[in-house]
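2 protein chains.
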Amino acid sequence: MREREIIAEFWRRMAANDFAAAGALLGPDFVLEWPQSRERIRGAARFIQMNAEYPAHGPWQFTVQRIVGGNGEGVSDVEVTDGVQKARAISFFTLSEGKITRLVEYWPEPYDPPANRAHLVEPIS
Amino acid sequence: MREREIIAEFWRRMAANDFAAAGALLGPDFVLEWPQSRERIRGAARFIQMNAEYPAHGPWQFTVQRIVGGNGEGVSDVEVTDGVQKARAISFFTLSEGKITRLVEYWPEPYDPPANRAHLVEPIS
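Chains as they are written, first to last, in my numbering: chain L, 842 to 966; chain H, 842 to 966.
Mixed in with the good hints there might be a few duds.
Which copy is meant is left open, because identical chains are indistinguishable; a pair holds if it fits in one copy or across any two.
[As the list claims (entries may be wrong)] SDA-like mimics (lysine to any residue), calculated; alpha carbons at most 25 Å apart, straight line: (1) Lys-927 with Leu-961; (2) Lys-940 with Ile-965; (3) Lys-940 with Glu-874; (4) Lys-927 with Arg-958; (5) Lys-927 with Asn-957; (6) Lys-940 with Gly-868; (7) Lys-940 with Ala-956; (8) Lys-940 with Glu-963; (9) Lys-940 with Leu-961; (10) Lys-927 with Gly-864; (11) Lys-940 with Pro-951; (12) Lys-940 with Pro-955; (13) Lys-940 with Gln-906; (14) Lys-927 with Gly-913; (15) Lys-927 with Pro-869; (16) Lys-940 with Val-962.
Keep in mind that the hints were calculated from the coordinates and are not lab data.
Given only the sequences and the hints, what does the whole structure look like? Please build it.
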């Protein structure tokens, strides 16, 4: 499936820490949105700069857990680390003519399991 | 697309607060995982009970922002509120023979935009 191939290629280029190469997969009117912080980045140039400037302890590693795609859209679940910082990115891609035109990204953080449902759950080891 | 229809129907039944009806869409070996809290729930019965017992200020409302699907998988982006509590659920569905067999769900929370990329972003209004 074409959407999933493009998303996989995007993460391969990110994993090479070659943000310019990843940026080459973005369409001319590319927009990235982070709804949690209500931030929007427009254009590949700012996307590349943001990644290059992001404070890191070492090269970024990306572990793709899953890519779901179809109908010009796709979603990835990716673990991100620089060896010190660890995060999980859930990324909704919109694609058109082989390019990524829109990316809406979520960064869920760990939280403690609530006590009031402990009788219904088991821990993931 | 069949995956997206089943996921939409799941959220329609959740929006009716009819958790038993939503549970009827789950397969016999259904598993729900919340990676952030490392919790796992097994089986439709516990899923239904967990939803019925969850502390709420009123009926749950679910606003489906997007459903992406294909190849036996699907992802939804849904806003959840009981009129007081507000949350966002990103749900990865695995489907088989018209039933939901696995659900991996993320609950991203708001955070403050970092100052060090303010020169590259604009606020989402």
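Hint check:
1. In the homo-oligomer, the alpha carbons of Lys-927 and Leu-961 lie at most 25 Å apart only across protomers (23 Å), although the nearest pairing inside one protomer, at 29 Å, exceeds that limit.
2. In the homo-oligomer, the alpha carbons of Lys-940 and Ile-965 lie at most 25 Å apart only across protomers (23 Å), although the nearest pairing inside one protomer, at 37 Å, exceeds that limit.
3. In this assembly of identical chains, Lys-940 and Glu-874 lie within 25 Å of each other by CA distance solely inside one copy; the values are 17 Å within and 32 Å between copies.
4. Taking the shortest Cα distances, Lys-927 and Arg-958 sit within 25 Å of each other only across copies (19 Å), while inside one copy they are farther apart (27 Å).
5. For a Cα distance limit of 25 Å, the shortest separation of Lys-927 from Asn-957 across copies, 19 Å, qualifies, whereas the shortest one inside one copy, 28 Å, does not.
6. When the C-alpha separation of Lys-940 and Gly-868 is checked against a cutoff of 25 Å, the pair qualifies only within one copy, where the shortest distance is 5 Å, while the shortest distance between copies is 37 Å.
7. Taking the closest pair of Cα atoms, Lys-940 and Ala-956 never come within 25 Å of each other, the shortest separation being 45 Å inside a single copy and 30 Å across copies.
8. Taking identical chains as interchangeable, the C-alpha atoms of Lys-940 and Glu-963 lie at most 25 Å apart only when they sit on different chains, with a minimum of 23 Å there against 42 Å within one chain.
9. In this homomeric assembly, Lys-940 and Leu-961 come within 25 Å of each other (Cα to Cα) only across copies, at 22 Å, whereas the closest approach inside a single copy is 44 Å.
10. For the identical chains of this complex, Lys-927 and Gly-864 are intra-copy neighbours only, at 23 Å inside a copy versus 34 Å across copies, given an alpha-carbon limit of 25 Å.
11. For a Cα distance limit of 25 Å, the shortest separation of Lys-940 from Pro-951 qualifies neither inside one copy, at 32 Å, nor across copies, at 29 Å.
12. When the C-alpha separation of Lys-940 and Pro-955 is checked against a cutoff of 25 Å, the pair qualifies neither within a copy, at 42 Å, nor between copies, at 28 Å.
13. Taking the shortest Cα distances, Lys-940 and Gln-906 sit within 25 Å of each other both inside one copy (22 Å) and across copies (22 Å).
14. Proximity of Lys-927 and Gly-913 under a CA criterion of 25 Å is satisfied in neither setting, with 30 Å inside one chain copy and 29 Å between copies.
15. Taking identical chains as interchangeable, the C-alpha atoms of Lys-927 and Pro-869 are never at most 25 Å apart, the minima being 31 Å within one chain and 35 Å between chains.
16. Proximity of Lys-940 and Val-962 under a CA criterion of 25 Å is satisfied inter-copy only: 21 Å between copies versus 41 Å inside one chain copy.
Of the numbered hints stated above, those contradicted by the structure are hints 7, 11, 12, 14 and 15, listed in ascending order.
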